[in-house]
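Chemist: Chain by chain, the residues run as shown.
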Amino acid sequence: MTALLQCRNISKSYGGVHALQKVDLKVEPGRVHGLIGPNGAGKSTFIDVVSGRTRGSGTVILGDTDVSGFAPNRRRRMGLSRSFQRTSIFPALTVRSQFELAAGWVDNDNTADLIDMFNLRGVLDVRAEEISYGQQRLVDLGLALVGTPRVLLLDEPAAGLSAAESHHLADHLLDIARRWNVAVLLVEHDMDVIFKVCDVLTVLETGKLLIEGPPESVRSDPKVIQAYFGSTA
Amino acid sequence: MLTNALNGLVYGSLLFVLSSGLVLVYGLRRVVNFSHGALYMLGAYIGYSIALRYGFTAGVLAGGIALGLVGIVLDLLVFRNLSDRNPLVTVIVTFGVFLVLEDIVKSVWGTQNYTLDPPAALAGVVEIGGNPFPAYRLFIIGASFLMAMILVVWLKFGRTGLFVRAASVDPSVAAMCGVRTDLLGPAVVGLGAAFAGFSGIIAAPFLSLHPAMGSEILVLSFVVSVIGGLGSFVGAFVSAMLLGQMQAFGTVYMPELASLLPFLLMSFILIWRPQGLGGRSA
Chain A
3 MTALLQCRNI SKSYGGVHAL QKVDLKVEPG RVHGLIGPNG AGKSTFIDVV SGRTRGSGTV
63 ILGDTDVSGF APNRRRRMGL SRSFQRTSIF PALTVRSQFE LAAGWVDNDN TADLIDMFNL
123 RGVLDVRAEE ISYGQQRLVD LGLALVGTPR VLLLDEPAAG LSAAESHHLA DHLLDIARRW
183 NVAVLLVEHD MDVIFKVCDV LTVLETGKLL IEGPPESVRS DPKVIQAYFG STA
Chain B
5 MLTNALNGLV YGSLLFVLSS GLVLVYGLRR VVNFSHGALY MLGAYIGYSI ALRYGFTAGV
65 LAGGIALGLV GIVLDLLVFR NLSDRNPLVT VIVTFGVFLV LEDIVKSVWG TQNYTLDPPA
125 ALAGVVEIGG NPFPAYRLFI IGASFLMAMI LVVWLKFGRT GLFVRAASVD PSVAAMCGVR
185 TDLLGPAVVG LGAAFAGFSG IIAAPFLSLH PAMGSEILVL SFVVSVIGGL GSFVGAFVSA
245 MLLGQMQAFG TVYMPELASL LPFLLMSFIL IWRPQGLGGR SA
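Just so you know, the protein sequences line up as chains A and B, in that order.
Take 3 as the starting number for the first sequence in our numbering and just add one per residue.
Take 5 as the starting number for the second sequence in our numbering and just add one per residue.
Simulated from the structure, these hints should not be mistaken for laboratory data.
The beta carbon of each residue, even a glycine, is placed where N, CA and C say it ideally should be.
Take these hints with a grain of salt, some might be off.
Claimed, not checked - Derived coverage of chain B by chain A (criterion: at least 3 residues anywhere in the stretch with Cβ under 8 Å from a Cβ of chain A; other residues may be distant): (1) 62-74; (2) 155-168.
As the list claims (entries may be wrong) - Quick list of simulated restraints, FRET-style, between CB atoms: (3) B:Asn90 x A:Ser219: 45 to 51 Å; (4) B:Leu268 x A:Ala94: 42 to 48 Å; (5) A:Asp127 x B:Leu187: 24 to 30 Å; (6) A:Pro216 x B:Val156: 52 to 58 Å; (7) B:Val104 x A:Gln23: 52 to 58 Å; (8) B:Gln279 x A:Asp194: 48 to 54 Å; (9) A:His169 x B:Arg89: 18 to 24 Å; (10) B:Pro259 x A:Ala94: 37 to 43 Å.
What the hints assert, rightly or not - Stretch by stretch, here's where chain B covers chain A in the computed footprint (C-beta under 8 Å, at least three residues): (11) 103-117; (12) 211-222.
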């Protein structure tokens, strides 16, 4: 299967600190690719560089197009979408305004479907800062899905959610990836979510790629156990 | 008393229009624009020259439009590159722009004072509560409130207004939602500069034109923005009206302290509410 997102030699330094060092990663359509690692491993930085939010080096290919030099809004309009680690990205805007904002730039306006899918119709005219944390997470995921992107980068979507909410979110993610044929790159600390939805796992450690493979083989790899899971894994 | 209150309203209205430009630019670019006073001054001089030849209305339009274009150029050449810089760098660079524009004005128009007569239709006085009040000053109040209304309606209900509000919260996140922040920047900075130019030319028949007019009003417009809470239009409006009244009554009842009052008010408000009247706490 041809990868929808190909990242080659992605590197990023802050001063003398190497946050990412020549990381390669591919994500195929309809698959969920997990990106895990300890705090400070460079996972969020990787998403920032790939989405264009942060300038780094390396090549990002979306479909057949090299988008490395493209501005974030151009990448988004080409189908490379992302969510953010923090919730309520526009706290003073209503949920409706946020969806209008994201829909203003896409040909395929699927906001009505997303609002129903995430059960947000009852809070459409409520400011994002006033809805529940779980709903804020769903709004953020919904915003990233406006226009049916080809590639979805998710930065800790389950952070702060209860076990039941995380389980529900995982179901949504699998459904979106499979049904819409979206290539999903998932950064997440919740291992239950990771092992439930991911087809492939990449582990980063101090900005370098440690290992990549099917979740079960990654979980049992001694290097990963030592670097990330610890002796209890 | 009534005349003082109306004069305060006039001055407050002018301060609000001018500060709106500062708020717009800070909201989107996070640049504290020290050149804003010079934009106000340049708008006044350009409008003055056009008004002498083609009439007052043409002068007002020219002051606004010319400064809008100056704002677009400033954004493309300067502000765009300052967005992520240390605030001290933005202060130094925008203050440098202020000095350059001030010297341009001195070179073209000289250092003498100019006065511009109000248009004939607004040259008379209107009786309010038994007191005569210049009609032109009422025009300033009306024009400023109209601009404030247009700004609020655009930001609150307009499609591009929504994009501006989102980009003001976080430009990079707005860009990741697809917003063309690369186009929005010049448009918003151009609008902010146009507000400065417009306030400069409508102030011309009320205050005189001179090369120090920019620096004089710049400090007060910053006080308005800080008291209001950087980035808040509602806060800037309340703050401008407060300062206008303080200026009008202070000059009459405590002239020795009048110039200190805005700074005392700013100190008290920042102690009580560090984020300003309309600002959001961090």
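Chemist: All the hints need checking, so say for each whether the structure fits it.
Modeler: Each hint, compared with the structure:
1. Requiring three or more residues with a Cβ within less than 8 Å of a Cβ of chain A, the coverage given for the segment 62-74 of chain B is violated, as only 0 such residues are present.
2. A stretch counts as covered by a chain when three or more of its residues have a beta carbon under 8 Å from one of that chain; for the segment 155-168 of chain B and chain A the count is 3, and the coverage holds.
3. Between B:Asn90 and A:Ser219 the beta carbon distance is about 47 Å. The supplied range of 45 to 51 Å therefore holds.
4. Our hint of 42 to 48 Å for B:Leu268 and A:Ala94 is violated, since their Cβ atoms are close to 31 Å apart.
5. A C-beta distance of roughly 29 Å is found between A:Asp127 and B:Leu187, which places it inside the suggested range of 24 to 30 Å.
6. Between A:Pro216 and B:Val156 the CB atoms are about 56 Å apart, so this pair conforms to the stated range of 52 to 58 Å.
7. Restraint check, B:Val104 to A:Gln23: a C-beta distance of roughly 44 Å breaks the suggested window 52 to 58 Å.
8. In this structure, B:Gln279 and A:Asp194 break the distance hint of 48 to 54 Å, their C-beta atoms being roughly 40 Å apart.
9. Between A:His169 and B:Arg89 the CB atoms are about 45 Å apart, so this pair departs from the stated range of 18 to 24 Å.
10. Range check, B:Pro259 to A:Ala94: about 42 Å between beta-carbon atoms, so the 37 to 43 Å window is met.
11. For a cut-off of 8 Å, the count of residues in the segment 103-117 of chain A with a CB near a CB of chain B stands at 5, and the three-residue condition holds.
12. Residues of the segment 211-222 of chain A lying with their CB closer than 8 Å to a CB of chain B number 0, which falls below the three-residue condition for coverage.
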